Amino acid sequence: MRFRARVFGDDINTDYIIASRRKRDSLDPQVLRQYLFEEIAPQFAAGIQAEDAIVAGKNFGCGSAMEAAVTAVLGAGIRAVLAPSFARTYYRNAVNNGLLPVICDTSRIREGDQLRIVSGAVYNETTSETIVAEPLPQIMRAIIAAGGLVPYFRQHGDFPA
Amino acid sequence: MAAQTISEKILSVKCGKSAYAGDVVVCPVDCALGTDASTPMAIDYFEAMGGVRVLNPGRIVFALDHYAPAPSRHTAQLHQRMRHFAASHGILLWDVGEGIGHQLVVESGRALPGGLAVGADSHAVMYGALNAFATGIGSSDLAAIFISGKIWLRVPESIRVTLTGQLPAGVYPKDIALALAKQLGADGAAYRALEFGGPGAAALDLEDRLVLSNLSVEMGAKNGIFAADEKTFAWLNGAAGDPKMADPQTPDTAARYCREVEMDLGHLTPQIALPHGVDRVMEIRESAATTVQMVYLGTCTGGRVRDYRQALAVLKAGGGVAPGVQLVVAPASRTVLETLARDGTLAEFIAMGAVIGTPGCGSCCGTCGSIPGDNVNVISTANRNFKGRMGNGAASIYLASPASCAAAAVRGVVADPREFLA
Chain A
6 MRFRARVFGD DINTDYIIAS RRKRDSLDPQ VLRQYLFEEI APQFAAGIQA EDAIVAGKNF
66 GCGSAMEAAV TAVLGAGIRA VLAPSFARTY YRNAVNNGLL PVICDTSRIR EGDQLRIVSG
126 AVYNETTSET IVAEPLPQIM RAIIAAGGLV PYFRQHGDFP A
Chain B
1107 MAAQTISEKI LSVKCGKSAY AGDVVVCPVD CALGTDASTP MAIDYFEAMG GVRVLNPGRI
1167 VFALDHYAPA PSRHTAQLHQ RMRHFAASHG ILLWDVGEGI GHQLVVESGR ALPGGLAVGA
1227 DSHAVMYGAL NAFATGIGSS DLAAIFISGK IWLRVPESIR VTLTGQLPAG VYPKDIALAL
1287 AKQLGADGAA YRALEFGGPG AAALDLEDRL VLSNLSVEMG AKNGIFAADE KTFAWLNGAA
1347 GDPKMADPQT PDTAARYCRE VEMDLGHLTP QIALPHGVDR VMEIRESAAT TVQMVYLGTC
1407 TGGRVRDYRQ ALAVLKAGGG VAPGVQLVVA PASRTVLETL ARDGTLAEFI AMGAVIGTPG
1467 CGSCCGTCGS IPGDNVNVIS TANRNFKGRM GNGAASIYLA SPASCAAAAV RGVVADPREF
1527 LA
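In order, the protein sequence lines correspond to chains A and B. Quick note on this note's numbering: the first sequence kicks off at 6 and runs consecutively. Quick note on this note's numbering: the second sequence kicks off at 1107 and runs consecutively.
Treat the hints loosely; a few may be bogus.
[Claimed, not checked] On the chain A side, residues computed to face chain B include the following (Cβ under 7 Å):
{"id": "1", "residue": "16"}
{"id": "2", "residue": "33"}
{"id": "3", "residue": "36"}
{"id": "4", "residue": "40"}
{"id": "5", "residue": "48"}
{"id": "6", "residue": "64"}
{"id": "7", "residue": "129"}
{"id": "8", "residue": "133"}
{"id": "9", "residue": "139"}
{"id": "10", "residue": "142"}
The hints are simulated quantities; they were obtained by calculation from the structure and are not laboratory data. None of these values were measured; they are calculated from a predicted model. Cβ atoms here follow ideal geometry from the backbone N, Cα and C, with glycine treated the same way.
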């Protein structure tokens, strides 16, 4: 999978990803995508391109557990988020919806860098650097492999005993 | 069996085998809360998963709290959908005006010592004050609970927070939480449990412990938990639940902690979190003289009876609300509102010109209630102050204790509440 890096800072909370007040009028990801990061990067939503990946600092997705902060990102066509750490609710919600969360050192990735995500690592084609990624727990790998928690439950009907 | 933390013990009991930090366990859930902000999506996931029947409807509760009352046609329809789903599946639903789901879970005795309680809302961590393993989840995990009754969890490492000493007059549990957020940072407890203990924790009343557990998530914590004691059971005996179902857990003396933190409450001063981060904390006297135009008393952190009594004491000592300040009172539940009405507190707030909001989340996350205007400084008893959080990115939010918020209401500027408590 190849991506273009879109770089954000530390502690990006879910209200910054999508403001709670936007959910008053619609939960449709195709509507919410227009307001992605509106408080901190008002130009971002209009400039999203296919193959963009979010590259953030520590504690991405902190604050609310709202899942629209994942579905709105997916609705914009973004399929991966890289950060040295995630808020655990965002991490779970991402996996459950098939948005790939990659825990890795993002400090040397710059805006617009071309990235390739291969198993267990991120290769920065722009700088020729390979960054090791933290492995996901087995159950998360199984959910991602199924395509998210919905297809996982359609297949298995339950969690493993 | 090796020594365990409280969280390791609870999850071991729940999954039926010895579990330690780092293990992934699958556990039956004792109580799961869905709110109007999370449940409509959970119903979508449930249907997409092929869900037909809710396995344990008696262990699930819904609260209409984020849009209370519904501020738009869309949110009113979300409420209709939840009411219909709850009625069809036999799920208890707390309707608009009953209060914030988290407050209702603890008021109704559904979060029990040794239990596993989750909520599709990050502040579900609050139930840890009752010795429950309690954490926030998303809508998809809630849907999986509808179908299976279970959740998978990675057993967290624990940070032991030992509280010693006694809070001085004018200093409150919110100040402890903000000081801890400053020390640990917004991600200092990420993926981990905060386990509160020590004589200072034992001395805190249950309502005070709720504040610390509630704010645990602002340090990234998976859960924030206390041991159960006579205060816990006194609370449960006053609640509607069944304390006989409790299975309280205490930590082993040799339990392993990834970090130990100690705080002497006797030296603590009133604290304030500056815009736009909960860990941007300083002593309130360093921020004194910042003007405020709105004072917000409410939320699942600071909307309980003792919060309003503490705020009212300062307001009365200071002679009421300063001109140009809007005071908003939005109690955490109908029971809180009724108590304030019965003891005369509510009438005093009304006489001071307070705007009384519907019990619920109010404008904490800008979904309904009083939205601040551009360039307005708000001081609030809430748990978050992110830019735009209360519905307007051009406003600035400060967080402090109810007494500190009241002191700011009196002066029209940030002020030290101890000046009013001679």
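Do the hints match the structure? See the list:
Checking residue 16(A) against chain B: minimum C-beta separation of about 5 Å stays under 7 Å; hint holds. About 10 Å separates the beta-carbon of residue 33(A) from the nearest beta-carbon of chain B, more than 7 Å, and the hint is not met. Against a cut-off of 7 Å between C-beta atoms, the interface hint on residue 36(A) is violated, since the closest Cβ of chain B lies about 10 Å away. Residue-level restraint check for residue 40(A) is violated (minimum Cβ-Cβ distance to chain B is 11 Å; threshold 7 Å).
For the restraint placing residue 48(A) at the interface with chain B, the shortest Cβ-Cβ distance is roughly 15 Å, beyond the 7 Å limit, so the hint is violated. About 4 Å separates the beta-carbon of residue 64(A) from the nearest beta-carbon of chain B, less than 7 Å, and the hint is met. Hint status for residue 129(A) relative to chain B: violated, with the closest Cβ pair at about 24 Å, above 7 Å. Hint status for residue 133(A): violated, given a least beta-carbon distance of 30 Å to chain B, over 7 Å.
Of the supplied interface hints, the one on residue 139(A) is violated, with its beta-carbon coming no nearer than about 11 Å to a beta-carbon of chain B, more than 7 Å. The beta carbon of residue 142(A) is positioned within 7 Å of a beta carbon in chain B (closest approach about 5 Å), and the interface hint is therefore held.
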